[in-house]
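Asks: Chain by chain, the residues run as shown.
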Amino acid sequence: MGKVVKIVLAGEGGQGVQSVAEIIAEAANEEGREALYIPNFGVEQRGGVSVAYLQIGDEPIGAPKFQTGDIVVALSDRAVHRTKQYVGPETIFVYDSGIENVENELPKNAKKVLGIPAIEVSKNELHPRVFNIIIMGAVIKATEVVAVEDAKAAIEKKLGYKFEKNPKLREMNFRAIERGMELVASAM
Amino acid sequence: MSVQPAMPKCWRMESKPHKFCPGCGHGLVLKALGQAIDELGIQDKVVFGCDIGCSLLSWDFFNVDTVQTHHGRTTPVITGIKRANPGVLGIAYMGDGGGYAIGAQHLVSAATRNERITVILVNNTQYGMTGGQMAPTTLPGQKTETTPYGRDIQATGYPTQGPEMVAAITPEGAYVARGTVANVKQLKGFIKKALENQMAGNGFSFVEALSTCPTNWRTNAEETWKFVEQEMTKYFKVGEIKVPGPREKEGQ
Amino acid sequence: MPEKPIQGEKRVFMTGNEVVAWAALAAGAEIMYGYPITPQNEIMHYWTRLMPKYDRKFLQTEDELSAGFTTVGGVLAGRRAFTATAGPGNTLMQEPMSMAEAMRLPVVVVVQQRGGPSTATVIYSQQEVTMTTLGGNGEGLRVVYSTATHQELFDYTIKAFNTAWKYRFPTFVLGDGYQAKMRESLTFYDPAERGIEMVPTEPYVGKPGMPGVDRPPTHLRNTYNVEEELYEVLKDYLADYAKAAPEIAEYEAFDTEDAELVVVSHGVVSRAGKAAVKELREAGYKVGYFRPITLRPLPVDQLREVANKAGQLLVVESANGQLDRLVKEAAYGCSAEILPMFKPGVGITAEEVVARVKEIKG
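Going down the list, the sequences are from chains G, L and S.
Just so we're aligned, residue 6 is where the first sequence starts under this note's numbering, counting upward by one.
Just so we're aligned, residue 1301 is where the second sequence starts under this note's numbering, counting upward by one.
Just so we're aligned, residue 31 is where the third sequence starts under this note's numbering, counting upward by one.
These are computed hints drawn from the structure, not numbers from a lab.
Here are a few chain S residues that face chain G, going by a calculated C-beta distance under 8 Å: (1) Val298; (2) Lys304; (3) Ala380; (4) Glu381.
On a predicted model such as this, the values are computed, not experimentally measured, just so you know.
Positions of the beta carbon are idealized from the N, C-alpha and C atoms, including for glycine.
Based on the sequences and whatever the hints tell you, model everything.
Replies: Right, here's the structure in full:
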């Protein structure tokens, strides 16, 4: 019985953390694994930090939320503050290295703290709209919860109708996943 | 008053004589309704819902399928039935408290949605069953148990103009009228047209009936009729207010 | 005839609200009445998107009083009718449900609990247990299924229609905001293909034939003139309920035989309870797991058996003792000590339950 992988993704509204969690969950489900994804929602989300809780395993998942993540991803300064509570000695904490003045706020108790320049890469190399897909690549690499092909298939399922009109988008999204994986690989 | 004709055919003999107080207007309204049902031949199509308040006493009044609901909730119950089974003719029967106070949001919303149901509302200017408290329809200066010195319009507002409100908020196809137990023939005509309007699927239909409550008014027969014919009509104009087809002449 | 919404078995991955809409379709629900409130809204969203294809109906009402009373109307017309609500909406829903109790109307209500009292949070809680099991002015003559997984949301939404129409008590599916919004996998099926026969419906009003001539008219009332008249009716209802209760009551339990402490939880919290008990067992703790699936009626006999065997029950819930009160009433006089773990309006994780048990057991 494989251990359940617990993931927290947090960012500002519009950064697309919920889509990332949903796509990874869909990909895991397509692989026949058990996945449970729950967003924070409603009043708590308006104007606040958007948090996605994702668990993937081989047995039915337990409680929908949890105390400590295996990987915690924070994409804004507020998200760093909000997600510190989910960090434990076994946690890999990933944040965007473009967030300013956050060094002192980073968790001290994590197994690893990885700063990746996802915002920068999305702006300079790809396109800001695929920022969250870079993050998705980073999560997949750090956790190995789903195979990259399945992640791509899940993106295809969700965005295929857009790719039909503009095949370049597909290429850019797939490139974004790979770049995210590379960023984590080099940071680790 | 004309000679009393025989009981309407759709009345249930086993529950007669009915349970309303002597001089109560409910019996007259229900007679008008019974005659309308008979004339239209719809006894087997009608689903009758009665509110809580004195109208609850009509729960076994007719040989038609009947449900007694909660105070103010007859409109949504009949709406739910009609939506689920459009083949029936839904009648929601209530008092002024049920329609204009506790159930006002339901009346307003059913009217604006143009629900294909018929609401018959008995206006006797106070809460009869609970012992004569002020209702939305209590006349200015009228003494009730909660306005013992007379209704103060500064503190409690003017009598609710129910049909006028319903007429204002219903789309085309609605039928709205105010009748009175002082003219049962006319009232029956209004109720009949209201039911025909539902049968035609035109829209919401609403009839308010000015009615009597000598028990709580503490009036004798003469005072009772004077109140309904002369006092209530100062605030509540009798007649058709909104008609999809041709209007019936006043006083007919 | 529109096609069946679900053909064959199908593994799906979706939110709980979407599951409820599909389950109601699969159960043959004919009409939904509803009023917007978070976190149940998507039940209406999915229902209204799916219904034209399957020839079903929907009415958006002016409030939950109306949603409840129109649902009552739908049932009176003989339709499989349902509504969904939460929190303050559930408060309003108690009035129509007391009428459903009084007239034995098989109304189905899905509740996705949110924080309370008042508007509180739109997120999650288990604080609608008391209200859903015992709300309204009356005796709690209703059935409440508390689900824990999306599979159960599907299974028990279908079952709720059958329980309601078989026993003629209003029936609730008690979920919560977590179940409403989270996504997980489950298997869809057509009830008939699983051998689940839907209990036939029948109209109370608008029946064929001339009332008073071909058949007696339906005369339904909820008002009685004298105390004794009401008492006679209630005695029958209570007897029916007592007879049905053991047939309706459901529970889930394991490792209770030799357990020194049994974790008692319901709904989504039982997922944490289950994971915690498994983990504690592996660590050598003699703990067991008990979960009432029906909160009303409770599986009283099974609960008492556990409460007489184990030294301690730990009642774990996202409310301040609403399940605890039900458990204590059912287990009155039993030997077990009953300990609390209450987090009103807040989710409970397996880690927390493990920590609490270790704290108790030293």
